[in-house]
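Colleague: So the protein lines, in turn, are chains A and B.
Using this note's numbering, read the first sequence as starting at 64 and increasing by one per residue.
Using this note's numbering, read the second sequence as starting at 5 and increasing by one per residue.
I should point out that these hints are in silico values taken from the structure, not numbers from a laboratory.
Be aware that a few hints might be false.
Calculated cross-link-like contacts (lysine-lysine; reagent style DSS-like; alpha-carbon spacing at most 30 Å) [unchecked claim]:
no.	chain 1	residue 1	chain 2	residue 2
1	B	K136	B	K106
2	B	K106	B	K138
3	A	K112	B	K226
4	B	K226	B	K138
5	B	K231	A	K112
6	B	K244	B	K231
Just a sample of chain B residues kept apart from chain A, beta carbon distances all over 10 Å, derived [as the list claims (entries may be wrong)]:
no.	residue
7	W31
8	D125
9	N220
10	L293
Even for Gly, the Cβ is constructed at its ideal location relative to N, Cα and C.
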Amino acid sequence: MSYGVAAWLEEIAVGGGVFEFQPDIVITSIAPEIDLLVPPEGEAIEAFKSNARALIEKIRQRCDASILWCNTTTVGQAIEPTNHHRLSVEPRSLRAHRLCLALVELSHELGISIIDVDRVLAEDGLGLDGEISGEAERLPVLREEALRVIEDYGYFDDRPITAQLGRLAAGAGD
Amino acid sequence: MPLPGFVRSGVSAWRQVAGNDTALEHWAKKRYLHYVSSQLRKDRGKTWVQWSGRRFVIVSESDDLPEPRRGIVLQGGCDLPSMFTVAPLIRQGIRGTVAIAKVTSGGAGRHRMDQIVQTLDPIPEVHTREVKEKLRLRQDYFEPLLFREEFAIPDQPQFGHFPQTVVVMSIATDLTRTAYAHEQYGFTVDPGGWWLNQSLERVLDDLSAVDWFRSNFRSVGKLSVEKFQESIALVVPELKERINSKVMIYNSLVIEPGNQTHNYQLIRNPHSARRRSFAIALAEASRALDFHIVDVDRVLKTEGVREQIDFAHFPVERMAPIGREAAAILRELEVA
Numbered sequence: 064m065s066y067g068v069a070a071w072l073e074e075i076a077v078g079g080g081v082f083e084f085q086p087d088i089v090i091t092s093i094a095p096e097i098d099l100l101v102p103p104e105g106e107a108i109e110a111f112k113s114n115a116r117a118l119i120e121k122i123r124q125r126c127d128a129s130i131l132w133c134n135t136t137t138v139g140q141a142i143e144p145t146n147h148h149r150l151s152v153e154p155r156s157l158r159a160h161r162l163c164l165a166l167v168e169l170s171h172e173l174g175i176s177i178i179d180v181d182r183v184l185a186e187d188g189l190g191l192d193g194e195i196s197g198e199a200e201r202l203p204v205l206r207e208e209a210l211r212v213i214e215d216y217g218y219f220d221d222r223p224i225t226a227q228l229g230r231l232a233a234g235a236g237d
Numbered sequence: 005m006p007l008p009g010f011v012r013s014g015v016s017a018w019r020q021v022a023g024n025d026t027a028l029e030h031w032a033k034k035r036y037l038h039y040v041s042s043q044l045r046k047d048r049g050k051t052w053v054q055w056s057g058r059r060f061v062i063v064s065e066s067d068d069l070p071e072p073r074r075g076i077v078l079q080g081g082c083d084l085p086s087m088f089t090v091a092p093l094i095r096q097g098i099r100g101t102v103a104i105a106k107v108t109s110g111g112a113g114r115h116r117m118d119q120i121v122q123t124l125d126p127i128p129e130v131h132t133r134e135v136k137e138k139l140r141l142r143q144d145y146f147e148p149l150l151f152r153e154e155f156a157i158p159d160q161p162q163f164g165h166f167p168q169t170v171v172v173m174s175i176a177t178d179l180t181r182t183a184y185a186h187e188q189y190g191f192t193v194d195p196g197g198w199w200l201n202q203s204l205e206r207v208l209d210d211l212s213a214v215d216w217f218r219s220n221f222r223s224v225g226k227l228s229v230e231k232f233q234e235s236i237a238l239v240v241p242e243l244k245e246r247i248n249s250k251v252m253i254y255n256s257l258v259i260e261p262g263n264q265t266h267n268y269q270l271i272r273n274p275h276s277a278r279r280r281s282f283a284i285a286l287a288e289a290s291r292a293l294d295f296h297i298v299d300v301d302r303v304l305k306t307e308g309v310r311e312q313i314d315f316a317h318f319p320v321e322r323m324a325p326i327g328r329e330a331a332a333i334l335r336e337l338e339v340a
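In isolation and in its complexed conformation, chain A is listed as follows (with noise of 0.2 Å):
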């Protein structure tokens, strides 16, 4: 089953999930949503950044983590549509593309992160036939392009950073 962000958004509704620990980062992933994108797509886009919109004040408003969040690739499956007419629904390709754009306009909104798979991926090639093959081999670059965006901001320095030190200095208030 996908869990997306309007599930996630649920659960913290109820208490518990990601704020049962105080993290200091928060990593998601738009993958899930491309199966929840049901037509009219443009409409069920705006849905989604609305949902996200909310669940990032969430969890500024309770942990003040950083937040990361994946896009995705936009090859998908061997065979995709070359011409759109008269389909009922869009090719994952295009919903894809809808997300990773609606996930640069959030960024730019609201300065969360972006963690590129879908350039990390493509930069190797994704292989032959379209299909997405062999991803346990591509986690290793994956995770070092997550590591690269988490050191940038400044998560591995000797000391901590401005917003660890305002959680403290809230919590010394307490």
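Given chain A, work out where chain B should sit, using these hints.
Modeller: For chain B alone, coordinates are given in the frame of chain A:
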């Protein structure tokens, strides 16, 4: 096309003696370009004959170029020469004759979708004469070349005429080029095709032309996605209805190889977002207008993009996989 080293040295020496832009230099340049574009290579198999030139390839079942003739016209974009790699994929058992050709020249400066739209309504010659002269635009710059029923291979009259069975375009031009609108008459030009290919000394040599351009034109910037949608909704039906052409359009790689940006909060107009918007707009237009997309984005991501210097320019080894994608579409259209 880059000149051989000894020719460049000769031109440089000549300019030192005689100066820039002499009549003799223009004559020699014209002759050289004619020589290059008239070069021809012929290959033959058991069931096919192929002629290849700088901007075209013809594949036929025999020397007499029999019917049915199908023509595939390439309009703009430095990614479109990948269409020439279609030839070896369609020549086995070919029926009749297929020509694939880039018939318009003049660089990238005339292929934006809104510029194609403006050719649909003729602009009076009196309004454009000075502009063509000052910016060294081709005489046919404002002509509706894309909407002709037939075309001939430039500098190769022996092959006769071909119908415009398929028109192949690319959104790379729409993504990148900046246009300038005439203050008085409103038409747009993109002089980059000429200016960018000259030495700075040669451009600055005629500063009066720069002043003239500044006082007669204003920048209208890059094509907006809305204007692109509006323009493509005019161009594609016109091609289908006016000349009964089928349409294929190349999309473009949306990611930026090597770009490590992960937070877009302080970036007002990220180009990768622009490319995503155009990829989505193109797919939506395909749905509404019934045309095929050559999915360059998918092919390049499948093959790997690490060696690319930017999104638009891919290594020559990527031409063939893109050609395979295009050949599959041509088979579906029953053109090949």
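Colleague: Are the hints correct? Go through all of them and say.
Modeller: Consistency of the hints with the structure:
A threshold of 30 Å between alpha carbons decides the hint, and for K136 of chain B with K106 of chain B the separation of about 22 Å falls inside it, so the pair holds. A C-alpha spacing of about 25 Å is found between K106 of chain B and K138 of chain B, which places the hinted pair at or below 30 Å, so the restraint holds. Note on K112 of chain A and K226 of chain B: the hinted pairing holds, with a Cα-Cα distance of about 27 Å set against a maximum of 30 Å. Under the criterion of a C-alpha separation no larger than 30 Å, the hint pairing K226 of chain B with K138 of chain B is consistent with the structure, at around 23 Å.
Taking the CA atoms of K231 of chain B and K112 of chain A, the gap is near 25 Å; set against the 30 Å cutoff, the hint holds. A C-alpha spacing of about 20 Å is found between K244 of chain B and K231 of chain B, which places the hinted pair at or below 30 Å, so the restraint holds. With a least beta-carbon separation of about 46 Å from chain A, W31 of chain B lies farther than 10 Å from that chain, consistent with its non-interface assignment. Separation of D125 of chain B from chain A is adequate, the least Cβ-Cβ distance of about 28 Å exceeding the 10 Å criterion.
Taking the minimum C-beta to C-beta distance to chain A, about 37 Å, the non-interface status of N220 of chain B holds against the 10 Å cut. Distance to chain A contradicts L293 of chain B as a non-interface residue, since its nearest Cβ pair spans about 8 Å, not more than 10 Å.
Hint 10 from the list above is the single one not met by this structure.
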